[in-house]
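4 protein chains.
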Amino acid sequence: MSKLRFMTAGESHGPQLTAILEGIPAGVKIDKETIDEDLFRRQQGYGRGGRMKIESDKVEIVSGVRFGETIGSPITLVVKNRDWQNWQERMAVFGEPKGDKVTAVRPGHADLVGVIKYNRSDARDILERSSARETTMRVAVGGVCKAFLKACGITITSKVIKIGGVVDDFEAMKAKIDEAKTKGDTLGGVFEVTVKGVPVGLGSHIQWDRKLDAKLAMAMMSIQAIKGVEIGAGFECANLFGSQVHDEIFYDEETNKIYRQTNRAGGVEGGMSNGEDIVIRAVMKPIPTLMTPLKSIDLETKKQVLACKERSDTCAVEAAAVVGEAMTAFVIAQAMVDRFGGDSLTDIKQS
Amino acid sequence: MSKLRFMTAGESHGPQLTAILEGIPAGVKIDKETIDEDLFRRQQGYGRGGRMKIESDKVEIVSGVRFGETIGSPITLVVKNRDWQNWQERMAVFGEPKGDKVTAVRPGHADLVGVIKYNRSDARDILERSSARETTMRVAVGGVCKAFLKACGITITSKVIKIGGVVDDFEAMKAKIDEAKTKGDTLGGVFEVTVKGVPVGLGSHIQWDRKLDAKLAMAMMSIQAIKGVEIGAGFECANLFGSQVHDEIFYDEETNKIYRQTNRAGGVEGGMSNGEDIVIRAVMKPIPTLMTPLKSIDLETKKQVLACKERSDTCAVEAAAVVGEAMTAFVIAQAMVDRFGGDSLTDIKQS
Amino acid sequence: MSKLRFMTAGESHGPQLTAILEGIPAGVKIDKETIDEDLFRRQQGYGRGGRMKIESDKVEIVSGVRFGETIGSPITLVVKNRDWQNWQERMAVFGEPKGDKVTAVRPGHADLVGVIKYNRSDARDILERSSARETTMRVAVGGVCKAFLKACGITITSKVIKIGGVVDDFEAMKAKIDEAKTKGDTLGGVFEVTVKGVPVGLGSHIQWDRKLDAKLAMAMMSIQAIKGVEIGAGFECANLFGSQVHDEIFYDEETNKIYRQTNRAGGVEGGMSNGEDIVIRAVMKPIPTLMTPLKSIDLETKKQVLACKERSDTCAVEAAAVVGEAMTAFVIAQAMVDRFGGDSLTDIKQS
Amino acid sequence: MSKLRFMTAGESHGPQLTAILEGIPAGVKIDKETIDEDLFRRQQGYGRGGRMKIESDKVEIVSGVRFGETIGSPITLVVKNRDWQNWQERMAVFGEPKGDKVTAVRPGHADLVGVIKYNRSDARDILERSSARETTMRVAVGGVCKAFLKACGITITSKVIKIGGVVDDFEAMKAKIDEAKTKGDTLGGVFEVTVKGVPVGLGSHIQWDRKLDAKLAMAMMSIQAIKGVEIGAGFECANLFGSQVHDEIFYDEETNKIYRQTNRAGGVEGGMSNGEDIVIRAVMKPIPTLMTPLKSIDLETKKQVLACKERSDTCAVEAAAVVGEAMTAFVIAQAMVDRFGGDSLTDIKQS
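Going down the list, the sequences are from chains A, B, C and D.
This note's numbering applies: residue 106 is where the first sequence begins, and numbers increase by one.
This note's numbering applies: residue 106 is where the second sequence begins, and numbers increase by one.
This note's numbering applies: residue 106 is where the third sequence begins, and numbers increase by one.
This note's numbering applies: residue 106 is where the fourth sequence begins, and numbers increase by one.
Hint data in this document are derived by calculation from the structure and do not stem from the laboratory.
There could be a bad hint or two in this list.
Note: identical chains are not told apart, hence a pair may lie in one copy or across any two.
Keeping only pairs whose Cα atoms sit at most 20 angstroms apart, straight-line, the calculated EDC-like set for lysine to aspartate or glutamate is [to be verified]: (1) K288 with D273; (2) K288 with D418; (3) K408 with D314; (4) K408 with D188; (5) K279 with E138; (6) K407 with E359; (7) K185 with E165; (8) K264 with D382; (9) K407 with D274; (10) K206 with D314; (11) K137 with E201; (12) K163 with D136; (13) K279 with D418; (14) K362 with E142; (15) K203 with E405; (16) K255 with D136.
Model, not experiment: these values are computed from the prediction.
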């Protein structure tokens, strides 16, 4: 396995969410406030519903960082659930089952499939983990990765570029979200993540599972509700001639630098970073929990019912964009460590 | 790691291409002709150039199959290069370097980046491996996976749906390819892969790197020249309301079956197969080697030059679709083995 | 990767130790008391020193278990450090460094090597993680694995069989430990782990990294201070003829069962469980922190010094045996899931 | 996964054995003769039987090496079976089954367990892959790894230290082997592998599956017939006091070097290389195929029979030692790449 890896754990309404992140080089300065800022950004965005007010996630670091600096050992990140006292019976770790089962499975969610796969009778056993709440920890993990990348001169940003068919015009996007909210409906959209300062040669062309673009695609598609991902010109490539797509290569004698005038490749050629900005976009489907619920069935009675209403956001593309940043940060950080080794930040900077 | 894994090896003009595929259950009937048919399909398609005539790939199986049946051990697949005698000097394994170096690196290829990363002076050391020729072995691997899946009632097909902006109309697509060829230019497009007969619950919602859609995205994006991938409604999700996107759930009393009337999810919900057809699309960029070459630089002299011309296809989307089938077959086969265990086909069929 | 995996995190004197365990099938009953019992056993044993009195580890489960049963999602296990208030300055996550650096690196420990590898100036940054305290979480992880295995009819036990050259005689072992303690010296020894009820065919012969004995060896050698591992007749095989080593195979017509009269293979043939008890032994070196310290150097001054004294146990082989049980439980549980699939306990029981 | 990985494939009497090795840095000089020498050494040794005369393995490299140097891409290694014409019917890839089934399963082999696990009726489907013949490819893989290590100043050697209870005295060992041969019996023994020139800090203390000693143990135990492994003082640690075991640390002012006067740790402390020689020993059980066969059963009839005689070696510890070198080379090479990154040999040498 790669030196850099992470796992997240925790149910949406359980006592806490946890992540263990391993392989960040020693000597990286960690700043809790910057991570909390990303956690805050994940909770915001026009179109978010009620639960957002309760939360206000703060990360606790309980291993792997000492005196504000990574020491090479695994980093444990914890976000406590502020709402736990309201859920401790229904989500109790031990004791007899309490509270109603969720049996009106929601279309577009893991509910039905998960119940079959894991042989459960209460869809809560599935939905608590499949919830986008899990991405909280990805953002925390991404925050640590970003700190490492920043020390290497690499920065990652994101923006929403489409909501409900509206492109770029933020006021029109908001109006569209208001319209959806009024209808009890939901909206999806597209966000774009950009990585600047990437060295040449992250990833590799030599095997299918070493390619940087393949890993980015996996990371992005793994985010809840993402249904598509594209790099650089992406799907537009299907409409253009080769001469319109590829980025010609130039050399500047004065600076002794190779450069391009365009970046339609989105920073990746042959499965490797080419030194240009990495540009990746992902599409999020509308949130599947509608206030005007969809038709579904009840798992116990098999009767037709309306799907249950677990959450009440109208649109969460801004939040997804923050998660997209985080997952991109992880993939790039992993590729950095794979390329340059790096048990300490000093090692990598000298490479 | 998963029980099912594979690696490919081999340079485009080397003596042979090789793959080792491990973890296919014992007892699966293997039919060389069916694999060769897929290899043939990969070589065909309107818009392919000269090299295709030389080749005519045939698979040799040299381990893991006995009397036409898998026995559980790793399967070695070999495709010999029919053109090897013309290349044995330039691609000699041992001996002094012969033949000219490739230094006019091609935009859109791994050439430049690979040379920097691996510290080479001859771009041939890179392009021989980054070439789409490598996908030959993925098709062979996919052929074995398909045989396993077929025995489980799962089938995989593909089709080209867009070329150079033309959708669905094959005559117009061909005209577009002819136009490109005349110009010395190239074209990309979109293909779609469909999987039928998928059981419920492949993949998992529990961790980012267990999700079936994430794995499909990685597999697809790992194919040479692919710049985007989408599942089900894909990027169209950014234009629709939630009520237009999610697939309502119904129950048929007579057959005692849960079903959907729509499949906008493309067969995956919550990172798991939901029993509907899996539908995945990928976009291929135009081939980067143009007969009217792009501007580039020479690695040695740093002078502006025209990129070298290694191949001469105009469009290879049909070939990519066959590779897309193969990679999808691998991911689904892997998910089957992960879900049902299965050291022998009998085990899996009984699950 | 395999479906079953875990990571531990946490420093010896940090606020808490954490583990995330993923892939335990849904539906396994979890009993906190049984895990705590193993944690207690790990802390006991003749020859343990002062710190043991402070601790008294208790596991908290904060994800993956609901109403006393696994639900398929990752299980987070936490053991709080009871002594944290005494260490919160020296081990503070944020803020200015406080307390003396450890620079008198201890022979036999990770101290010196770790400081070089991770480019640290304070050996505490290394020793806090390399400490055997980390195995606390392995015992907790093993406790969950054992619960799963028990539900499948598989049990795991261990015993100490040698201490400081004394074999089997516990009173003589204790006397030897007393002798070492008096001298300010330490002792190692050998323990044996036995697994009963193992089904045939865990592991595989088909590839080096699929072999059950290889995985057991890795798991055992990964325990702090372990320097050797053997299965069945082990090193004694070097003294015997083949006819004295191999276990002949018999068939009992009445029960329709294949059986052996001996188990010199220790339950593994050809990299696979053969249905007999798995018997594995490991040797632990004496604890490297001596009360009569060894010669070493100071990292800053390079002067010859006596190594620092971080802990004060005389012998910890009993504790290591409990960790050995845990790691064995993990490997066997992983092999069960690999062989039988198993997203729920019901699936596996039906296999 | 790590950048360095390999898989082997091929049946003992199939047309060829194959390995794919990926992740060796570009720029390593490869010398076919040196690999063939190791292949030859694997086939020799006092106590080998008839088949050895037929073989005489030669490696063919069919990818990843150009003009005698690695280019970064996967390396395909092939060893053809010189005896294939005698086996092509019994081991035919396609066509109707020919030749007798093997049903008299051999104690100490994978035969019985494999047949059950993979649901086969002919033990040949198992024994062809479980055979130690597979280690041929590990030796070839190890040969390439050794070439890489040698370029980094690291060398690996091995020696037999015990056969059938006889230690170090080679004439007495031979006599013991002669005795065994006369009886139709077999012998095992112990070999030792030594690695010189290892840099400090390969492996890591931070997680159980990152430890260098754990990986070495896995690699060694994965070799056919190995039943135990130990590092440095190994099992002798159970007989000694801590003051007799740990290697004190000294500093030499003149050379500005830290050093030890002893190496009872065998070069590994805290899961990391400490710069001293790595010393690892493994025990091989006597070959399970006896000319005076053991009792067993017939799979079809369930009658008591004598086990079949597939091979006729008396002792193969010298061969196992060569495989031990190879697996050690792989683990050390992997740890080098993990520590220093290294896409090209130049990168690693500059680290």
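Taking the hints in turn, this is what the structure says about them:
1. Neither within a single protomer nor between protomers do K288 and D273 lie at most 20 angstroms apart by alpha-carbon distance, with minima of 23 angstroms and 35 angstroms respectively.
2. In this homomeric assembly, K288 and D418 come within 20 angstroms of each other (Cα to Cα) only inside a single copy, at 13 angstroms, whereas the closest approach across copies is 51 angstroms.
3. With identical chains, the CA atoms of K408 and D314 are never at most 20 angstroms apart, being 45 angstroms at best within one copy and 35 angstroms at best between copies.
4. With identical chains, the CA atoms of K408 and D188 are never at most 20 angstroms apart, being 33 angstroms at best within one copy and 56 angstroms at best between copies.
5. For the homomeric pair K279 and E138, neither the shortest alpha-carbon distance inside one copy (29 angstroms) nor that between copies (53 angstroms) is at most 20 angstroms.
6. Taking the shortest Cα distances, K407 and E359 sit within 20 angstroms of each other only across copies (12 angstroms), while inside one copy they are farther apart (74 angstroms).
7. Proximity of K185 and E165 under a CA criterion of 20 angstroms is satisfied in both settings, with 8 angstroms inside one chain copy and 14 angstroms between copies.
8. When the C-alpha separation of K264 and D382 is checked against a cutoff of 20 angstroms, the pair qualifies only within one copy, where the shortest distance is 15 angstroms, while the shortest distance between copies is 33 angstroms.
9. Taking identical chains as interchangeable, the C-alpha atoms of K407 and D274 are never at most 20 angstroms apart, the minima being 45 angstroms within one chain and 44 angstroms between chains.
10. When the C-alpha separation of K206 and D314 is checked against a cutoff of 20 angstroms, the pair qualifies neither within a copy, at 41 angstroms, nor between copies, at 28 angstroms.
11. For the identical chains of this complex, K137 and E201 are inter-copy neighbours only, at 15 angstroms across copies versus 38 angstroms inside a copy, given an alpha-carbon limit of 20 angstroms.
12. In this assembly of identical chains, K163 and D136 lie within 20 angstroms of each other by CA distance solely inside one copy; the values are 12 angstroms within and 31 angstroms between copies.
13. In this assembly of identical chains, K279 and D418 lie within 20 angstroms of each other by CA distance solely inside one copy; the values are 14 angstroms within and 46 angstroms between copies.
14. When the C-alpha separation of K362 and E142 is checked against a cutoff of 20 angstroms, the pair qualifies neither within a copy, at 37 angstroms, nor between copies, at 47 angstroms.
15. When the C-alpha separation of K203 and E405 is checked against a cutoff of 20 angstroms, the pair qualifies only within one copy, where the shortest distance is 17 angstroms, while the shortest distance between copies is 55 angstroms.
16. Taking identical chains as interchangeable, the C-alpha atoms of K255 and D136 lie at most 20 angstroms apart only when both belong to the same chain, with a minimum of 12 angstroms there against 43 angstroms between chains.
Checked against the numbered hints above, the structure breaks hints 1, 3, 4, 5, 9, 10 and 14 and satisfies the rest.
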